[in-house]
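Number of protein chains: 2
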Amino acid sequence: MKHFYFLMLIFICLNQGNAQSETDSVLLRKIYNLALSEPKGYEWLEYLCYKVGARLSGSPQAQQAVEFTKKIMDTLQLDRVYLQEVQVPNWKRGDQEIGRITTTKKQKIAVRVVALGNAVGTGKKGIEAPIIEVKSLKELATLGKEKIQGKIVFFNRPMDVTKIRTSEAYGGAGDQRRSGPSEAAKYGAVGVVVRSLTTSIDNFPHTGALAYQLNVAQIPAVAISTQGADLLSQMLQKEPNLRFYFRTTCEMLPDAVSYNVIGEIKGSEKPEEIIVVGGHLDSWDLAQGAHDDGTGCVQSIDVLRLIKALGIKPKRTIRAVMFMNEENGLRGGIKYAEIAQQNQEKHIAALESDGGGFTPRGLGIGDETAFAIINQRWAKLFAPYMVEIQNQGGGADISPLRNQGVPLMSLNVDSQRYFDYHHTEIDTFDKVNLRELQLGAAAMAGLVYLIAEYGL
Amino acid sequence: MKHFYFLMLIFICLNQGNAQSETDSVLLRKIYNLALSEPKGYEWLEYLCYKVGARLSGSPQAQQAVEFTKKIMDTLQLDRVYLQEVQVPNWKRGDQEIGRITTTKKQKIAVRVVALGNAVGTGKKGIEAPIIEVKSLKELATLGKEKIQGKIVFFNRPMDVTKIRTSEAYGGAGDQRRSGPSEAAKYGAVGVVVRSLTTSIDNFPHTGALAYQLNVAQIPAVAISTQGADLLSQMLQKEPNLRFYFRTTCEMLPDAVSYNVIGEIKGSEKPEEIIVVGGHLDSWDLAQGAHDDGTGCVQSIDVLRLIKALGIKPKRTIRAVMFMNEENGLRGGIKYAEIAQQNQEKHIAALESDGGGFTPRGLGIGDETAFAIINQRWAKLFAPYMVEIQNQGGGADISPLRNQGVPLMSLNVDSQRYFDYHHTEIDTFDKVNLRELQLGAAAMAGLVYLIAEYGL
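Taken in sequence, the protein lines are chains A and B.
Last residue of the first sequence? That's 440 in our numbering, and every number before it is there in order.
Last residue of the second sequence? That's 440 in our numbering, and every number before it is there in order.
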């Protein structure tokens, strides 16, 4: 008889497990249905792109984006919507940049360049100097002061097109933009031209932040389009004595006040356990910041909208955060983590969408234990939606939470097109597909709901 | 000692297995590297789209496409390149179509329509009649002759946006376009207006073939854009007595001569075992037929190119086929299967790419036994490329081979954007991403190589 009860107990437990997972699968279906049939995120994104537009930290548009996203969340009947003040760098691009190659016969060939974010300007006259091509920081070091002094350094290592995930290719080439200017300055370079970080061969220069090192001369730096880079490289092979001219009037102003925008649904049973979902609200100043990262913002708000609209009462607290200043300072992410620690908040998960609003391929869990749990419990639930649980995840804005032991996660999307648009003038609303965007919001809402319901 | 030899034997076999799979994984990496770094398919597609353009069966452009793809294959040093003659329907759209709603107050509102493929025209005067909306063939039957006679039937069931695979949503709404006209004619309808088959709400009408039934009156039929359909439906709710006018001058001419274009690498060990890889060369006449199915054609040729360029000598015969007339007759696919049977050819696999040149999600194997074998043997090889072996696959052009017991397969791609462009004026080259296209070619080449090497 003992055995019988024991078996019964197992049977009941198993059945409850099944029933639970059936309920969850029905709920996930509801989330997807609503996300696809009422594409609110897409509508919000349209506004953010066309009515607000480019919104670099410290700009009036960044402030408008703060107000707009707060306003949307105010309509969602959340338990709390608030701003979190943060001091941000206030970098201005200034006039449209000028770049040109001058041949030994004094022929001038215009090429498209844009200043790297956070760079100093050249002054109104611009700078002209001989230009030398290198493929890596290592090659730069090998050439040394003798070959570099007084020159403009042209970093021209392309992103590796054979990488399947373009983010890996980006990672493999990004040191040139980030560290190239200070490294070149150490050898006496007067300026830097960096090949745009994209797998596409076109005429759109891609901006992005550099990082000047302390106690190293700050020299001006621009990105050149990949077509321009190929042209310059070919010309240098024939005429190593080319000169290059560029003019940038960018400058760093004193820090400005800005905000993270936060909306919250309070947990009904364990309100002290918080799940954060977010994207970054600032964007580069060249376009609308559609894929980078308007999509992540509207998806994060959509997570709250979907959960509210379906009448779900999450057991744990769900918080959507529009982080400010991911692009050229990460101040919003840092501030958020600081305040979380000050307030002794207990974050049990942080999920970011900052890879563009493309078709989801996976939910990436950047924490071994959390990955094992989520994969074992819920992988099956997401399979009908062609979303895998993957063991790589995270995001810049949520990365400061890692020190507090928070499992970092990301929406992992199809990455093939992202770097065609990234940090350029063509990162615009028309590049975003409604269904791809909304599938992302649904996947995020599904994961957030499950963590809120069952914990980790 | 016996045991020892036995164990040694097992060890050697296992090691050979591993070595083999290592070689295969290296080869697959080479295929992907070449496909991504030398994107020939993309270059060919650019020519096919911009220099040839729309290429409906029987058109001069279809003939140019035949000549162009033959010419490319002639440069690849294949063992055989040839044309296979096929009689094709020769349908002409005629003048640009006119569509308009007439209110009871005689107000006229223009809406965008296009004739359905293979439809009869209205004559130069067009037709005007009361219009009645239905959501299904079933609803049509319920209304019957009394309500339908003398009217234009407006089929307005949308594609189900909540389906994750858009091809399923297409399948679920397609009967209206295909069978709607003849079914409506049975109840005395004088014309048919079909909601465009797309999940997108926009102003591009989507054409596509209808299928008239034998011994049923052939009535004219057009597709209306989804924005037009929504407008018409809203207006009908307020004013059920609206009239609709449309004018089409399309007509079916006598059959024309055309060709399947075929290129072949002969197998070195089992040349009699053939693997077919293909797409369809014809396209609708409204745009460039970029995703439908220029991409499938250039990917199929690229399979041969990649294999040749890497010096692979396949053990079995690999044949790329550009099928003619998938869109409005399938005559190329039928002819190919007929001749294969006549010649007692042994096809061991047929792989089609006709879902657009988007990021590959899987290689679809539409045959249980073949799926089990391929999944067990090679799934791991494709995992680094984010390509699954899936158990759903096939394609219209290769479907006539099914009767000969040939396992049918497909490149299964991300389906979210396909029906935004499908059969419209915006199915153009700029909608195709180089990397997405080339990843598809690489996945196809990988599978074809493995089948050629090891059989099934």
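Mixed in with the good hints, there may be bad ones.
One copy or any two copies: either way a pair holds, since identical chains are not told apart in the list.
[Said to hold, decoys possible] Listed next, the in silico EDC-like pairs over lysine to aspartate or glutamate satisfying Cα-Cα at most 20 angstroms (straight line): (1) Lys90 with Glu256; (2) Lys364 with Glu437; (3) Lys89 with Asp414; (4) Lys415 with Asp186; (5) Lys35 with Asp414.
In case anyone wonders, no lab produced these hints; they're calculated from the structure.
Model, not experiment: these values are computed from the prediction.
Hints, one by one, checked against the model:
Taking CA atoms no more than 20 angstroms apart as the test, Lys90 paired with Glu256 passes in neither setting, with 69 angstroms inside one copy and 65 angstroms between copies. For a Cα distance limit of 20 angstroms, the shortest separation of Lys364 from Glu437 inside one copy, 17 angstroms, qualifies, whereas the shortest one across copies, 34 angstroms, does not. Proximity of Lys89 to Asp414 under the C-alpha cut-off of 20 angstroms is found in neither arrangement, the shortest distances being 43 angstroms within a copy and 38 angstroms between copies. Taking CA atoms no more than 20 angstroms apart as the test, Lys415 paired with Asp186 passes in both settings, with 16 angstroms inside one copy and 15 angstroms between copies.
Taking CA atoms no more than 20 angstroms apart as the test, Lys35 paired with Asp414 passes inside one copy only; the shortest distance there is 14 angstroms, against 26 angstroms between copies.
The structure is inconsistent with the numbered hints 1 and 3, although it conforms to all the rest.
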